[in-house]
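So the sequence lines, in the order shown, correspond to chains L and P. In this text, residue positions in the first sequence follow our numbering: the first is 1, and each later residue adds one. In this text, residue positions in the second sequence follow our numbering: the first is 1001, and each later residue adds one.
Treat the hints with care, since some could be wrong.
Some chain P residues close to chain L (C-beta under 7 angstroms, calculated; not the full set) [as the list claims (entries may be wrong)]:
| hint | residue |
| --- | --- |
| 1 | P1055 |
| 2 | G1154 |
| 3 | A1155 |
| 4 | G1156 |
| 5 | G1176 |
| 6 | L1212 |
| 7 | E1360 |
| 8 | M1364 |
| 9 | E1375 |
Subject to a maximum C-alpha distance of 30 angstroms in a straight line, what follows is the list of computed BS3-like cross-link-like pairs (lysine-lysine) [said to hold, decoys possible]:
| hint | chain 1 | residue 1 | chain 2 | residue 2 |
| --- | --- | --- | --- | --- |
| 10 | P | K1149 | L | K149 |
| 11 | P | K1336 | L | K336 |
| 12 | P | K1356 | P | K1336 |
Bear in mind the hints are in silico, worked out from the structure with no lab data behind them. Being a predicted model, the structure only gives us computed values, none of them experimental. Idealized CB from N, CA, C, for every residue including glycine.
Number of protein chains: 2
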Amino acid sequence: MAGDGVSAPPDVRMRGFADRVPVAQALRWIDARVHRLAAEEIALAAAAGRVLARPIAAPADLPPADTAALDGFAVRAAETLGASDYDPVVLNLTDAAGPLASVSVAMLAAGAALPAGADAILPFELAQAKGKSVEIFAPIAEGAGVLRKAQDIGAGAALFAAGRRMRPADPGLLAGLGIATIGVVRRPRVRLLIAGAKNAMPDADGPILKSLVARDGGLIEGFAADLADRAALAEAIAAPGADLVLVAGRSGTGADDIAPPALADIGTVALHGIALRPGGSAGMGLVGQVPVILLPGAPFACLAAYELFAGRLIRGLGGRAPGFPHWTSGAELAGKIVSTIGVAEFRPVRISGGEKPRAEPLAMPEGGGLAALAEADGFVLVPAAREGYPAGALIRVYLWGEEAETP
Amino acid sequence: MAGDGVSAPPDVRMRGFADRVPVAQALRWIDARVHRLAAEEIALAAAAGRVLARPIAAPADLPPADTAALDGFAVRAAETLGASDYDPVVLNLTDAAGPLASVSVAMLAAGAALPAGADAILPFELAQAKGKSVEIFAPIAEGAGVLRKAQDIGAGAALFAAGRRMRPADPGLLAGLGIATIGVVRRPRVRLLIAGAKNAMPDADGPILKSLVARDGGLIEGFAADLADRAALAEAIAAPGADLVLVAGRSGTGADDIAPPALADIGTVALHGIALRPGGSAGMGLVGQVPVILLPGAPFACLAAYELFAGRLIRGLGGRAPGFPHWTSGAELAGKIVSTIGVAEFRPVRISGGEKPRAEPLAMPEGGGLAALAEADGFVLVPAAREGYPAGALIRVYLWGEEAETP
């Protein structure tokens, strides 16, 4: 069995890739595996960034009764008619607890319910309390300073659609309506396996992938490194409990590139070898219904293949928009980008300039590409159909920075 | 004592604000309190989003020795001269463990150190292993497929400046260089106090402020609600342990607006009453050296005053850029915004349209403004000097959504 009608790819070890799958075909394979995970109920305090599984409607009117919109004196507006600085109207100061007696006012704080009989709130600036009476220096219209029952939100009104990603102030709105828990899409459980023997170079892929999985809303369900044995790797991939499995390293054409054969041992390899640079040794397949993404071990290539394929699947399973989550900037290319027709390129760039940003293409990393990670502010994706871009071209840069840093 | 040469503001309870401080003056007060907090050492795994307290230089060369940039056969390039499909060069397949013997090749995985004597990596595609020998079908240049010692990064090279906010892939780079911990700016400890008696309306300010403090990198050091007693509120403000204190509610002109007098009881009120709508009852002061920000209780006003003042202080203390952290979008106003000269307006807007975004101004909330929270995608800040903007004006919208959602 192989995905999308493609026959299972051959073993490429010590032979190299005979041909590579277009990026678009790999994305179709990913998209066919995206289904929104089931809902779970969580406390509002944990809602930040989560995706609503169900729409939310207002359970009650807001405000629940006519209330003061500002601090002041609750009055009968008609009783303030004719008041002026030179000829103030004098009313009795009474308690706000009961209904408002005639020729009386009651002090009220913003948000408090209007006493029966009152129909306006006079700001303190337009009155002066003197013992048990209040001098009023200006007339006020009926309804002024009053927030009517249900004026903000009526019971049953639609607040948020399913699929909304919670924004910072959303928990406040929901708490204000008395909602304590919400139904959200379950976070995808991601198993992260680093294939290969422990060697002199410390693992960079684990930390990169943990960060990116968190960014995309996934939960690391399990982590193991130094998996150099084919059978042990196969067993780690096949263990139950994950919504998807990422294997970093040993995806290439070397004799010790055990990740594709390990996947083939316990599942199916749907695609292996993608027309992408870097990241071309990526692959994907299934164990039962669980997608397994094979990522290259070279850190920059691992990052590229994650951004294009694995992140898309994680975001989609978690109910987020599956496309790139990065903020983008239009920028003028400071130098040309040369790319091979037929191969999509994931190219690191550095951004300079404020109002009119310029993107300086960095050299395509030859090795692990960790230097590119230090220097790059983002990346440009050159489609397979293009030979690149000339200097001066206006391009879209996907940014890795998390904040806008506006002045 | 009062901040910035301004005499302590008068008690406004039941009198109203005689005059209000310009937003710019309040921002100057905030900025005078911003100093970067001390450094703390944390594990790389906890680095996401943190701000570097010190610059980081590479502790070692990367790669530490000449290494294979791709999977293939390590060769002496000169021995492949003249190789072709029709007349392959045949070399001995040997072990990669020791130095490379002459007329020999050794299989190498990408990232592995080159054996002594080897000077190029021949991709598997250009060769075929046959038992103990390997047929080579094309010549290769010296250095091809080799990443030279220190080619990516040289020992001592500057990687990140102090003040860099860690990006998702940064921990991978640092881990790859063998760095396990980093020095970051300590997170500001924020005490959050909700002033006022428990009433029929559930508290919305607490959840809003908790979300925003987390967004801006602060840690909630303590939280208390329903503080209706002036002495109890003063005591809660003055307790040691916080880098700053936020008090939400009871900041206005009502008889029960105890927040400003409570602050005056144990510290100083530097400013109270700001030419801002909504959020005009905000104030700020000090208890010892600890800034205390008084925020209005009405949720939308609370949010506005937080975004302008409190968030700025939290971000600055934590080493982030103090300005708005929101991503912005240029947009065409779908309707006019009318604003009062002399008062800055914080106006909710809804965004529609994709490539050419339009911003629909929402009504300025009259009451708590929770409905505006549900409807708004962001806000526009109308400076005090402007009467507003005409329909069709191009404006900058600050967005609350956390993700770009590019397709």
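Checklist line | Non-conforming hints, listed in increasing numerical order | finding: 1, 2, 3, 4, 7, 8, 9, 10, 11
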